[in-house]
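A.B. asks: In case you want the letters, here they are:
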Amino acid sequence: MPELKTELRNNIEQLLNDQAVDVVIAFKKADLPLRPQPAFFRNVEELEDLEYNGLCQNNLANYLTRYPHDTKIGIVVRGCESRSVNALIVEKQHPRENLYMIGVPCQGILDIRKIINKTGEDITDYSEDGDQVSVIFKGNEIKLQRSDLLHDSCLRCVHPNPVNADVLLGDPLPEGDPTIVRQAIEEFEALDRDERYAWFQKEAERCIRCYACREACPMCYCTECFVDHTTPRWTESDISQAGTQAWHIIRAFHQAGRCTSCGACERACPMDIKMTYLTDKLNKDMLEVYQFEAGMDDNTPPPFASFNLDDKNRFVI
Amino acid sequence: MMYILVKKNLDQKLSEWSAKYEVVAPQKVEAYSQFLPFTESSELALNEPHNTRYPPKSLFLPQSEVMLKYNKRLNKFDEIRILPEKRIIFGIRPCDASALTLLDTVFDTEEYQDPYWAGRRENTILVGLGCSEPPSTCFCTTVGYGPFNHDGLDAIMTELDDVFVIEALSAKGEKLFSDFPAATNEHELSVLRIQSNAKQGMNQAFETEGLKQTLDHLFESDYWSEIAESCLGCGVCTYLCPTCFCFDIVDEVQRNERVRNWDTCMFRIYSQEASGHNPRPTISERTRQRLMHKYSYWLDHIEKIGCTGCGRCVRYCPVGLDIRAMLRTASNFESEVVNVG
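Residue numbers (my numbering), protein chains in the order written: chain A, 1 to 317; chain B, 1 to 341.
Note that these hints are calculated values from the structure, not bench results. Certain hints may be false.
Said to hold, decoys possible - DSS-like cross-link-like pairs, simulated, lysine-lysine; straight-line CA separation at most 27 Å:
| id | chain 1 | residue 1 | chain 2 | residue 2 |
| --- | --- | --- | --- | --- |
| 1 | B | K69 | A | K114 |
| 2 | B | K199 | A | K138 |
| 3 | A | K118 | B | K28 |
Said to hold, decoys possible - To be clear about the criterion: a stretch of chain B counts as covered by chain A if any three or more of its residues have a C-beta under 8 Å from a C-beta of chain A, and this derived list gives those stretches:
| id | region |
| --- | --- |
| 4 | 20-34 |
| 5 | 48-57 |
| 6 | 131-144 |
| 7 | 226-239 |
| 8 | 321-330 |
In this text, all values refer to a predicted model and were calculated from it rather than measured experimentally. Ideal placement from N, C-alpha and C gives every residue a C-beta, glycine not left out.
Okay, chain A solo, but in the shape it has when bound (with noise of 0.2 Å):
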């Protein structure tokens, strides 16, 4: 990781010496050694703050929306953050051109709540060596096995390889297996339906309407969503059940074909909810029945954004 983290470095000084951009989006250091900032870097000397490891848990497409589509945007991307940012492209949210996709395949993000289960709070120094981890735990060194520690999106993950990169830094990694991700969801598809709508409660009973699984996807970009309209109303906006349970059917509908399973809204979730069930759940859908997944290029739509008149498929799932 180190030497990948030298090449990274490298490239984006040179992208910045060039001119070539106007801002680099990526990670920085920060106090918290379990917690890696997004960061913006628009000058070669800010670099010395720059990080690149599997803590580095937000999807950086997120911040591709806040610029004028003239700004040259340079961002370090994963395989999942490729996929986001070539969708934002298909939905004409900044062009191509200007967007300079710095790519590198991912081994997977750690999950800081695995990290803290096995270990303690209070890590005070953290680094990873090919499979091991290694954290201070007071004062005391604790080495962990990565493969424990992945967060669950990405024990799922299928394209761990950015796609459309300008450049790839690093060997490409063999695709994921899909059966995994499959299996997870035929075994949520196969419960009865009140088992399925416990589950769902279980889950979403918990949701505290903060809406960081929204703040966090790069997709949820709208500048007003549904449940912030007051006119008319589309939701209950308290915690009751008919509020939470709205929410997450109607977020997790309107990502259907857009989202590319970097669980960002889990890992930003502060109640450890679930949500990705629901999300995976499209997506299979969205690859059965239209053969479709989000952000595999960049200028294919959605194929609930876009219609043909020649459409040989079904009309309705």
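With chain A fixed as given, assemble chain B onto it according to the hints.
C.D. replies: Relative to chain A, chain B alone:
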């Protein structure tokens, strides 16, 4: 007077209290903890190094609360007045208890009294649990409190190996524990040692002296857009914050109820005006409001910082933003401005 509660008798004691009071204590939910009513099957989460993730302010200011029900056809309404049961909140941390005393200055003043808040405060006994080993994300001592601060508590517990040593801090607390065995000198010495170690182990996270003036000077500066650049604009920091109290009152017309919900200055819609104008159009202005409220406006009102250093906003920010680092930057930013000027 100090008493002891033997740990192995804890469940039994809570069950006994449950006959007379509603007992609420921190319990595990998934990987986090939250205050929930105690039952015989409760799995208590008292051994976490810090407070619960979901704040106990919700026990006084619920996230959503029905205030009245109405019937448009009959043109009448029923006000909901909840008469709270007598309650014991067991194991609340000093930061959360002191936050309640700050919120009293909002909800229970001579001029205005919120009957929901005041009723619940009146009927509740707060038994605190001091923090023997505060994690590095906590910063109570920086903002004038401490891991064994007494503000708002009726009693405070210090955890030893087999017992909790309890110090009663009010008449309510004294009454609750008066038939408990007295602590020995040895217990009391251990308590002193633990309390002093806990406090000494905490660093000054940022300078509070002159902080208000610094922030006031920075009001129109670029400081806010710099510190807020990665902020997502979600409600995690404010909803989990024990001192954030903003609410919105909404008519849920589908069910004929008027509801009070938590609201947050970090949401765009919070300051959106009916005309379409938004005086806080971006995340920078919203971040400014959040920080200025805590470290400037509270001081204008009650001469106290509106933050008790509970650390939740630091621990749970989805992008790892750290309010302490933001405030440290403020002083630096100001000196740069001054130097350049």
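A.B. asks: Does the region 226-239 of chain B contain three or more residues whose Cβ lies closer than 8 Å to a Cβ of chain A?
C.D. replies: holds (count 8)
A.B. asks: Three residues or more, CB to CB closer than 8 Å: is that satisfied between the region 131-144 of chain B and chain A?
C.D. replies: Per the Cβ count (3), the hint holds.
A.B. asks: If you draw a straight line from the CA of K199 (chain B) to the CA of K138 (chain A), is it 27 Å or shorter?
C.D. replies: holds (17 Å)
A.B. asks: Closer than 8 Å Cβ to Cβ for three or more residues is the test here. Does the region 20-34 of chain B pass it with chain A?
C.D. replies: holds (count 4)
A.B. asks: Given the proposed pairing of K69 (chain B) with K114 (chain A), does the C-alpha separation stay at or below 27 Å?
C.D. replies: Roughly 44 Å separates the two Cα atoms, so the pair is violated.
A.B. asks: Are three or more residues of the region 48-57 of chain B within 8 Å, CB to CB, of chain A?
C.D. replies: holds (count 4)
A.B. asks: With a cut-off of 27 Å on the C-alpha distance, tell me whether K118 (chain A) and K28 (chain B) pass.
C.D. replies: It holds: about 16 Å lies between the C-alpha atoms, which stays within 27 Å.
A.B. asks: Given as covered by chain A, does the region 321-330 of chain B meet the bar of three residues or more with CB within less than 8 Å?
C.D. replies: Three-residue rule met by the region 321-330 of chain B, so holds; n is 4.
Hint 1 alone, counting from the list given before, is not met by this structure.
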